[in-house]
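Novice: Using the hints provided, position chain D relative to the given structure of chain W.
Heads up: the sequence lines are chains W and D, in that order.
Here this note's numbering is used: the first residue of the first sequence is 125, the next is one more, and so on.
Here this note's numbering is used: the first residue of the second sequence is 97, the next is one more, and so on.
One or more of the hints may lead you astray.
To be verified - Think about it this way: if two alpha-carbon atoms lie no more than 30 angstroms apart in a straight line, the pair counts; the simulated DSS-like pairs of lysine-lysine are:
1. K194(W) <-> K330(W)
2. K503(W) <-> K316(D)
3. K139(W) <-> K236(D)
4. K356(W) <-> K164(W)
5. K255(W) <-> K273(W)
6. K139(W) <-> K164(W)
Just so you know, these hints were derived from the structure itself, not from any lab.
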Amino acid sequence: MTIPGFILRNALRNKRRLILTVLSVAISLFLLTILLTALKLMTEPPTTDQASLRIVTRHRVSLANVLPEKYQYRIERMPGVEHVSKFTWLGGIYIDEASSNFAQFACDADRIFRIFPEAVVDPRQEETFVKEKNSCVVGRKLLERFRWKLGDRITFQAGLWPCDVELVIRGVYHSEGLDETLVFFHHDYLDELLGRRGMVGTFWIKVANADVIPDLIARVDAAFHNTDAETKTETERAFQLGFISMMGNVKLFIGSICTVIVFTMLLVTASTMAMAIRERLREISVLKALGFTGMMIFTLILAESCGLALAGGVLGCFGAKILAETLDVYKLSRGFLPMFPVSAEILTVGMLVALGLGVGSSLVPAYTSIRTPVVTGLKELD
Amino acid sequence: MTEPIVQIRELSKLYSHGEIEVIALDRITLDFGAGEFVALMGPSGSGKSTLLHIMAGIDRPTTGQCLVQGTDVATLSETALAEWRNQNVGFVFQTFNLVPVLTAFENVELPLLLTALNARERREHVETALELVGLADRLKHLPRQLSGGQEQRVAIARAIVADPTLIVADEPTGNLDAHSAADVLTLLQRLNREMGKTVIMVTHDPRAASYAQRTVHLEKGELLNEAL
Numbered sequence: 125m126t127i128p129g130f131i132l133r134n135a136l137r138n139k140r141r142l143i144l145t146v147l148s149v150a151i152s153l154f155l156l157t158i159l160l161t162a163l164k165l166m167t168e169p170p171t172t173d174q175a176s177l178r179i180v181t182r183h184r185v186s187l188a189n190v191l192p193e194k195y196q197y198r199i200e201r202m203p204g205v206e207h208v209s210k211f212t213w214l215g216g217i218y219i220d221e222a223s224s225n226f227a228q229f230a231c232d233a234d235r236i237f238r239i240f241p242e243a244v245v246d247p248r249q250e251e252t253f254v255k256e257k258n259s260c261v262v263g264r265k266l267l268e269r270f271r272w273k274l275g276d277r278i279t280f281q282a283g284l285w286p287c288d289v290e291l292v293i294r295g296v297y298h299s300e301g302l303d304e305t306l307v308f309f310h311h312d313y314l315d316e317l318l319g320r321r322g323m324v325g326t327f328w329i330k331v332a333n334a335d336v337i338p339d340l341i342a343r344v345d346a347a348f349h350n351t352d353a354e355t356k357t358e359t360e361r362a363f364q365l366g367f368i369s370m371m372g373n374v375k376l377f378i379g380s381i382c383t384v385i386v387f388t389m390l391l392v393t394a395s396t397m398a399m400a401i402r403e404r405l406r407e408i409s410v411l412k413a414l415g416f417t418g419m420m421i422f423t424l425i426l427a428e429s430c431g432l433a434l435a436g437g438v439l440g441c442f443g444a445k446i447l448a449e450t451l452d453v454y455k456l457s458r459g460f461l462p463m464f465p466v467s468a469e470i471l472t473v474g475m476l477v478a479l480g481l482g483v484g485s486s487l488v489p490a491y492t493s494i495r496t497p498v499v500t501g502l503k504e505l506d
Numbered sequence: 097m098t099e100p101i102v103q104i105r106e107l108s109k110l111y112s113h114g115e116i117e118v119i120a121l122d123r124i125t126l127d128f129g130a131g132e133f134v135a136l137m138g139p140s141g142s143g144k145s146t147l148l149h150i151m152a153g154i155d156r157p158t159t160g161q162c163l164v165q166g167t168d169v170a171t172l173s174e175t176a177l178a179e180w181r182n183q184n185v186g187f188v189f190q191t192f193n194l195v196p197v198l199t200a201f202e203n204v205e206l207p208l209l210l211t212a213l214n215a216r217e218r219r220e221h222v223e224t225a226l227e228l229v230g231l232a233d234r235l236k237h238l239p240r241q242l243s244g245g246q247e248q249r250v251a252i253a254r255a256i257v258a259d260p261t262l263i264v265a266d267e268p269t270g271n272l273d274a275h276s277a278a279d280v281l282t283l284l285q286r287l288n289r290e291m292g293k294t295v296i297m298v299t300h301d302p303r304a305a306s307y308a309q310r311t312v313h314l315e316k317g318e319l320l321n322e323a324l
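Isolated chain W, as found in the complex (with noise of 0.2 angstroms):
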């Protein structure tokens, strides 16, 4: 016998408790997981490399105004600016309202996949695309989702905008980090449909090198000061940002969440420990008695504590990550999750939280065994 298997013996003493508390460890740590990755997933959406060569362009009071399309004009012309698309949001109803947790996005069909290019399409399809004006390119996920076949007609009711938007759809993309949920048509068509022209939800600009950026958007916001539409110009990131925060406090009122699951976590653990050490006093004495010193005992503790919640971590945590990883979590969520990756950094994050919730809850009953004289102990429960 070894001092780890001796530990190992005691862990396993009460295998109904073990199995309990390490299963709640387990499942406290596989929302925490899921929270985390939801957390991170709304406050730092994925990103590519290509988005850091990309900047907006939207009005300074709100998403909600719109700007002049002639501003497209002045934009292209400024140094380093390689595409500019119009870019403006449909958020028209397919089926209802539930099936619609993904956008639509009127743009400039012949430049969109040159702003975009990790969404890759296939280009008989893009050629297609641009040549016809109520065409769309969709995402591979959405196709899927809805079962679409090229060729088919869909129909988005009037959302955002007073008119219904019949659409073909002649080619799908693909892409590594792009949301692969999304609908790309014709800004011309939105407009024809309208009834009017001229008007953007935002432009979207590619520039050809990340270090013109600064300059470009101090530049583009300075062309339109002083007029009816006043614009905002910021990175892709900063934009997707300003986004999420529509959307309230969410990290705060996540952060709560998992602040009340580790905290339980704690106690429960707290308590677990507290019992098995309580009901093993005299056995921590007779070892006192054989020579084990104050910290050899406090070491053994400590050691149960931490196995227990290390084992309750790897099953929570990466049975998160594991199903993460085999579920269609983007089917499960009907759209809402177009993915959901659970990072090396939340699961270090989770095992951390382990080792502290082991740590946490065996310091006070591994103190108070070690402080309580071999004679009380042995009297104690003889």
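Specialist: Quick look at chain D alone, frame taken from chain W:
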């Protein structure tokens, strides 16, 4: 008496419960010779277990000295005292106090985990100790698979496995039937006679005390029939 292995000088122990003070031992002076088998007798509350605990280094006196092989155990730090116990004292308790999740072999091996012995050497020591107490065929049995007498013999094997000079036994037959008690006492007697171990045993039972070479009586914390 042979060369004293335990020398107790003016030893007192007071327990405080709020304002109430209870004198458990009152200025005891006593010697135990090396290789002696001594029975400590007395009614409940006479201080015999307290005296045994102090000699074994699991309790400390309020005043006075307790020298075991020349070491004043009361002056050692908790860590040093733990190490000292491991090397010098073997414990036998009334309720056996075996670890229920460990086999007989592993229970006996426990004190050796604190030594520098390797696994093979530990195995040899444990097997010898269990053979000595007549349980060589029960190595893999858990305590619940053993009778009370067998459990106590495992506890004795655990007490002697590290080869201590002093064996302290606190009512070792208190939880045993007459037959098992006789076996355990005979075993303690053999350890004393054949291996030269000093055995100090607390007991209420005059029959158990008859196995010892000397009996020391305590009452209300005072020594009745012993004097230096």
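Novice: For every hint, state whether the structure bears it out.
Specialist: Outcome of the hint check:
no. : hint                : verdict
1   : K194(W) <-> K330(W) : holds, 18 angstroms
2   : K503(W) <-> K316(D) : holds, 19 angstroms
3   : K139(W) <-> K236(D) : holds, 21 angstroms
4   : K356(W) <-> K164(W) : holds, 26 angstroms
5   : K255(W) <-> K273(W) : holds, 19 angstroms
6   : K139(W) <-> K164(W) : violated, 36 angstroms
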